Amino acid sequence: MTGPEHHDDPELRRLLDSIGLRAGDPSEPVSNAESSRRAEAMLARIVEQPRGGDRRPTRRRAWWPAGRRWTGLSVAAALVACVLVAVALVVGVPGPGPQPAAAQTPPLLGFSLAHADGLRVAGEPAHASLIALAQRAAHLPEAPRLPVQRILAEAWSTSTDPADEDNGPRTVLVPRHLEVFQFEDGSRRSIERRGAALDSHGRVTDQPGSWDDVAPTTDETFANDLGAAYPESLPTTISGLSRRLAPPDACGKATGGCLLSAVSDLFAGYVVDPATTARLWQLLASDPSIKSLGSTTDRLGRSAEAFVADALDPTQRILILIDPATGLYLGSETILVRPNPDLGFRPPAVTQFTAIVGSTRVAESSVPDDSTTTHY
Amino acid sequence: MDAREFEKVFWVLQPQLLRHARHQLDPAGAEDVVAETLTTLWVKSLPLPTSDDEERGLRALAYQVLGGHIRNEYRSRRRRRALAERVVAQPVDGIARDVSPDDVDDDGAIRHWLGQLSVDDREVILLFNAGFDLAESARILGCSFSAAAKRRTRARERLRAIVERERGRQQ
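Protein chains in written order, with the working numbering: chain G, 62 to 437; chain B, -15 to 155.
Bound-form chain G, shown alone (with noise of 0.2 Å):
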């Protein structure tokens, strides 16, 4: 077994250092004899294991606390945790206090093609209409040669909020309003405007009427490691766009949900320009799990294509909308299709949605006074 290798990012590790946690080294030993014979011990209570059928517990020796309840496995939890975080409510979480509340979920869109209780395998063969998309796109207007990339979106999203030992991950739902700026010298500006907390039962209770009313919840520089140029620098090759975006060894068996995912964070954070469109809209052609839902109306009112396929996390399904006049991008939604316990909703729901409002590329004077974003 190979250990580890890559360190890409040399500032975090200066950083890590400097506080002494060093690489992680699988040759070093790590354990002395008492921890040793744990091991020893620990490994023939595993082996003692059956597979296939009802396993016991691994715990109850002596030297581990008595009591402790184990649960599942909870993989899933770290894909909704990559999902921007926000505080709201708390939802679905299971034990003593007041009952979770079950937190509303935006409508499921209408599909042509598919129904809401068949969306956990729903869709038809999507590679034509792809095509018809990707040739539409590559006649998109470019956006005008200004320094600064500003996109606009609207969404909600349920997330895990960042915890500590005590208090443990919380999943929550929030309405959002993001305005993205990405600069030339790489660095991006993330402001975001939520919408108020949902109440107990998981109804809105005062939503904005409109998000410039609201101040910034949170206004944020930061480095993008992937740089103001990230769509222009993909590869030109479709298989090599494919092996950039959906990594076999990072994304199994889900290529379709890794490469639509990868898609809405481009879109999401950069002005795509129209080569780079249709060449994504050709790429998402040629992976046959990928699926047409058919027409549908978007959040905004918008008439769209939507295209799905099986997340990473097997109870979700990730969809990606497009102008069907233009090949435009207008957003994605994030349906769970099968029960999570990690999430407090009935499936099938949105548990997110991001439906872009603008994309385009701005002067440095349209950028909002910079006097109170946090620089990271």
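Incorrect hints may appear among the rest.
To give an idea of the interface, some chain B residues facing chain G are shown, with a C-beta separation under 7 Å as derived from the structure [claimed, not checked]:
no., residue
1, -13
2, -6
3, 19
4, 22
5, 26
6, 27
7, 41
8, 93
9, 97
10, 126
11, 128
12, 131
13, 152
Please keep in mind that the hints were generated in silico from the structure rather than gathered at the bench.
A quick note: this is a predicted structure, and the numbers were derived from the prediction, not measured.
A virtual CB, placed ideally from N, CA and C, is assigned to each residue, including glycine.
Go by the hints and put chain B onto chain G.
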């Protein structure tokens, strides 16, 4: 993997996973989650890796499973803590937070710094420290490559801010 093959994998992965878990949990808790993680791999009857790619894939899977168990452990502790607070009707203190990194041993100092980060930030930094590149981290975290990149950048800057603030205060 038969038992003999699993044993080889165990002795490679167990120390790495334990070190990773100890930065996030107390020693007993770390051993618990590592045992559960390796049991999961054993029960899954996975094939023995035969190439570097497969080895890295298995290692990434192990960290992915471990991440899930650690989150479950946090959740479980939160429930227990809430129950304890209901019983005694007053807040139950968690780990001590007002400890200077100079007052504790090396492991304690690292936990002091990392303990001020969110679970998400801590996880992405520890995956980096364990040697995972961005593509592998993305798979383990269940997010896209670019999301993992953004997440790591933010975590790095948050940690830097914490370290600079605290060291500035001590000077």
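*Looking back at the hints listed earlier, which ones does the structure fail to meet?*
13
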